[in-house]
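Put together the whole structure using the sequences plus the hints.
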Amino acid sequence: MNSAKQQDTAPLVDNSYFSAVTTAIRSEAGRLLAAGEVTAVIGYKSGRRKGSAQPVIISDASRVDELIFSPASVNNLALYLTKAKKEVTKSGRIAIVAKGCDLKALAGLMGESQLKRENLFIIGIACAGVHGSGVAPSEPLSAASIARKCRECTVHLPEGVDLVAGSIPTMPQLDALESADLARLEAMTPAERWAFWKEQFSRCIRCMACRQVCPFCYCEQCLCDRNRPQGVETTPRPAGNMGWHIVRAMHLAGRCAGCAECERSCPMDIPLNLLNRKMAKELKELYGQEAGMQPQEKGPLAQYKEDDDQSFIK
Amino acid sequence: MSRIGVFVCHCGENISRTVDVERVAEAARKISGVAYACDYKYMCSDPGQNLLKNAVSEQKLDGIVVAACSPRMHEKTFRKAAQSAGLNPYLCEMANIREHCSWVHEDKEEATAKATEIVTMLVERVKMNKKLQPITVPVTKRALVIGGGIAGIQAALDIADCGHHVVLVEREPSIGGHMAQLSETFPTLDCSQCIMTPKMVDVANHPNITLHTYSEVENVDGYIGNFQITIKKKARSVDMDKCTGCGICMAKCPQKKIPNAFDKNLGMRPAIYVPFPQAVPNTPVIDRENCTWFKTGKCGVCAKVCGPGAVDYSQEDQLIVEDVGAIVVATGFELYSIAEKPKGSMIKGYGEFGHGKIPDVIDGMTFERLASASGPTGGKILRPSDGKEPQSVVFLQCIGSRAREKGISYCSKICCMYTAKHTMLYHHKVHDGQAYVFFMDARTPGKGYDEFWRRSIEDENAVYIRGAVSRLYEKGDKIVVMGSDISLGIQVEIEADMVVLATAVQPRTGAELLAQKLGISYDKYNFYSEAHAKLRPVECATAGVYLAGACQGPKDIPDTVSQASAAAAKVMTLFAKDELEREPIVAKVDDKRCVACFYCKKVCPYGAVEEKEIRDRQGNLVKVVAYVNPGVCGGCGTCQATCPSKSVELDGYTDEQIMAQIEAL
Amino acid sequence: MHAEKLKHDFEPKIVAFVCTWCTYAGADLAGTSRMQYPPNVRVLKFPCTGRIDPVFILRAFQKGADGILVSGCHPGDCHYMAGNFHARRRFATFRKLLEFIGVDLERLQFSWVSAAEGGKWVEVVTELTERVRSMGPMAEFKELELEECWSGKLDTAELQEAYAAI
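Residue numbers (our numbering), protein chains in the order written: chain A, 1 to 314; chain B, 1 to 665; chain C, 1 to 166.
Hint data in this document are derived by calculation from the structure and do not stem from the laboratory.
There's no promise every hint is true.
What the hints assert, rightly or not - For lysine to aspartate or glutamate, the following EDC-like pairs were computed, each having C-alpha atoms within a straight-line distance of at most 20 angstroms:
(1) 142/C with 192/A
(2) 96/C with 308/A
(3) 524/B with 77/C
(4) 524/B with 306/A
(5) 63/C with 233/A
(6) 13/C with 143/C
(7) 284/A with 99/C
What the hints assert, rightly or not - Examples of chain A residues toward chain B, derived with CB under 7 angstroms:
(8) 112
(9) 220
(10) 228
(11) 229
(12) 302
Note that CB positions come from ideal geometry on N, CA and C, so glycine has one too.
Next comes the structure, spelled out in structure tokens:
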């Protein structure tokens, strides 16, 4: 949800912060590749448009100076170790650049036997934040351009990584817009909420970008693509869309790392991260578990306690 | 195109009184895919079943729905009938229009409409049913019994007497368990050793029993019918084949003052020892922690005096693997620790009543050893502090048991009886002595039990005071017991020479570790969980593992022996066939879809999910997927509901079948 | 038992997902005991509540269920030891999701009914049926099924703003 309220466009951090991170990444990547400790480094490089960044896999030490870190480094690189790319780790140990949110995705994938920690060299980023959706990549990182998810980030400083690149600069407190939206929705009546989500989901064109960009949607065949039985309609009508998003939110519950790439990739600006945040919040309240930077053996829906809440059960 | 047959039963008048069965059959005939529909008075009767069988063959039906009573009643009946007509039994479903319809609704229109809808739902479901074949699992007809107390001994003898081989593993150097420590047993006051030793000798001599004492179960692999058990045989330091049991080594051992756990540390033993004279096997072990040779390299007297040269200091722990088809767990109990901070116990030690501090405050088992003729005092009841005969003994019941605040809510079942027994033994040995018992209730439900209990009051002069004890303290060489008598409504103070606490019965320390090795459930007290509290009390939910004795819950000797024989009977049921046939309602993983997230493995209550490697023709690893062992899977379907991609499906309850029912609503 | 036979305008469609060992048996017991209750419920049998996928609940609403009941064994009594424990967490979570989406949770009832609780089965089914009857048909999902595209009005500030921004 975007309000046209005017936000402050003053840069939140100095450019030297980004240079420091970039230097640290390049130096470590160079060292790792030269020493043969890893066969490839997954990071960001400059894109075509000014200031933009895109994922890159570098296996040649001479190319490490292509690696950057900038406010446009929005992609969750954990994606490049799963799905079509899951054979990458077979070539040897891989180094990967990971912001805090990306690290939570890596930890989750490890907990689900998709990745092994010893196969990775994790370059964690002491991250000040990245751009939100629809921001021109050449814009500096400001209150106006920072992603909504970054405003309430609790994982600026990565833990359990092999190297921390950069250091967290002092940043002003930013308004927690996502929490505010969540609270606003929670305060509505069910009918109002239904109307809200119906409108949102009716815009969905079932491009499945949310699924494609999510590191946890690595199923060989998505449940919603099956027709025997057809649990969820595939047509982009309101009924099918509602079904799709409900099922996806349920399947991510307890697993979602909160990288909000789904929301960023959605061409129809549907606030998907609100759903995932709501589920994460509920599971934290109910079972005291949340996606973290360390792999968990069992997530909240893979285990139980005898005294779990059952106040809703007659 | 399906050819479903629908058979609507009148059930006499039970259904037809409220449901218009002819109309239901008529409506069924109109459903696309239904080739035949009829109604009949009693479908479960012989003519009814013949009607079904004839229809299957004449109409070439490929699925049937019997609209009648609950499937819990007659599903097996009709599946069997279908099978005998040549139709796979799992293509037969029942629509419950009696318990769920005709019996609970009065309005004929509503009931008929509902019955029609129920039948429609089941018809759509049956269209998605697949032919399923029963699963067969081979069975190794050998059993493992863990624990050599009376439960393990009984189970082992019963199975061995049926002609099957038993491997009996016991942790201590000798079998016998706690029963061997008892002096006399209620309600008959038989000498415990006298009735037990013949059974112990039978075990040792039985051609079908392999006895591994001083051994523990290290690891359990496999599943029902096919377990591989790794057993650690601890080093006795004595060659069992050479030892004749003459006992010279024990007599000559210079270390004589090691507290004997069998005697509750009141008696002493040498470093090379058998725990009690009637030990089976009668081969000593060397306690390496306390033996001078193992500590300093000096001594070695036992090796020198041993005629057959059986002492072998170089012996090492051994690991052996046994293949078995069934496991009986009979690991028994221990008493609530008397010390204030017991090692490794999940429950805080009972620090009240001078436990572990006042030497003359003892527990029930210690009293048994005092009373036992082969015990540290030769059967005389003497105070541990000064060896004098106590003239007054106070017995406290329910120490730890029935005490939610101490963490144990349950009743330990045996203490009322053994305390009554103790008052009798005390009276027999100290004629002028006075026994007092502070109790809450007298729980004496067995055969001859209440009569026995009354004897202690009427014949043996025991004074029973209904009330609790608040405090004990030492006064000179006496112990002052302060309690209340709630029948009289007064406070009571007794100066006792000895206090015996009836402490709670608990599972053995570390019981949960064995349970985890076996893959069986245990409750919050670490007692092992039976499959069903009333109807399956000796089986575990984990197939192939059975329970006997106090490890499942506190119990006395008669119940223990009964349960042990029951467990043996269950083992024999398993061994009665060469192959185990199981209902094919099990989960199957689609190798192509599985992405090896192993959520199924995390949630499976049976531990039935394994990792399976998929290799190409050159033997290279392509990927790892989940695999459900059809011999272990219980058929709950939790895996399928948890799997994000539904790569694992429960045969008999697939998503297609269920969705077909929902779509038909 | 002779209940008052009123002709209602609206007969809710109640779908019950139940486990074989406890609730289905409890419903059987209600039948054997000839307890009477409204005929609106359609029972689907599962081996265990652990097998019940949230997608079934969603689909049932989409296919016209006005109220849904999910019922199984009491915690600790599951025939399969732990299926209902997993189900409990799964349903607690799905409930929160549906609530957030805007489904009125009064239409979705969870219960533990044991094989001995025929009376409780009747109570739970009757209560749900009558409650859903008073709430009326579940319009939300039914309307959704019929729509080709969103048919709502720009009746919130956000919607108007968004429309204006296009």
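Verification of the supplied hints:
no.	hint	result
1	142/C with 192/A	holds, 17 angstroms
2	96/C with 308/A	holds, 15 angstroms
3	524/B with 77/C	holds, 15 angstroms
4	524/B with 306/A	holds, 10 angstroms
5	63/C with 233/A	holds, 12 angstroms
6	13/C with 143/C	holds, 16 angstroms
7	284/A with 99/C	holds, 17 angstroms
8	112	holds, 4 angstroms
9	220	holds, 5 angstroms
10	228	holds, 6 angstroms
11	229	holds, 4 angstroms
12	302	holds, 4 angstroms
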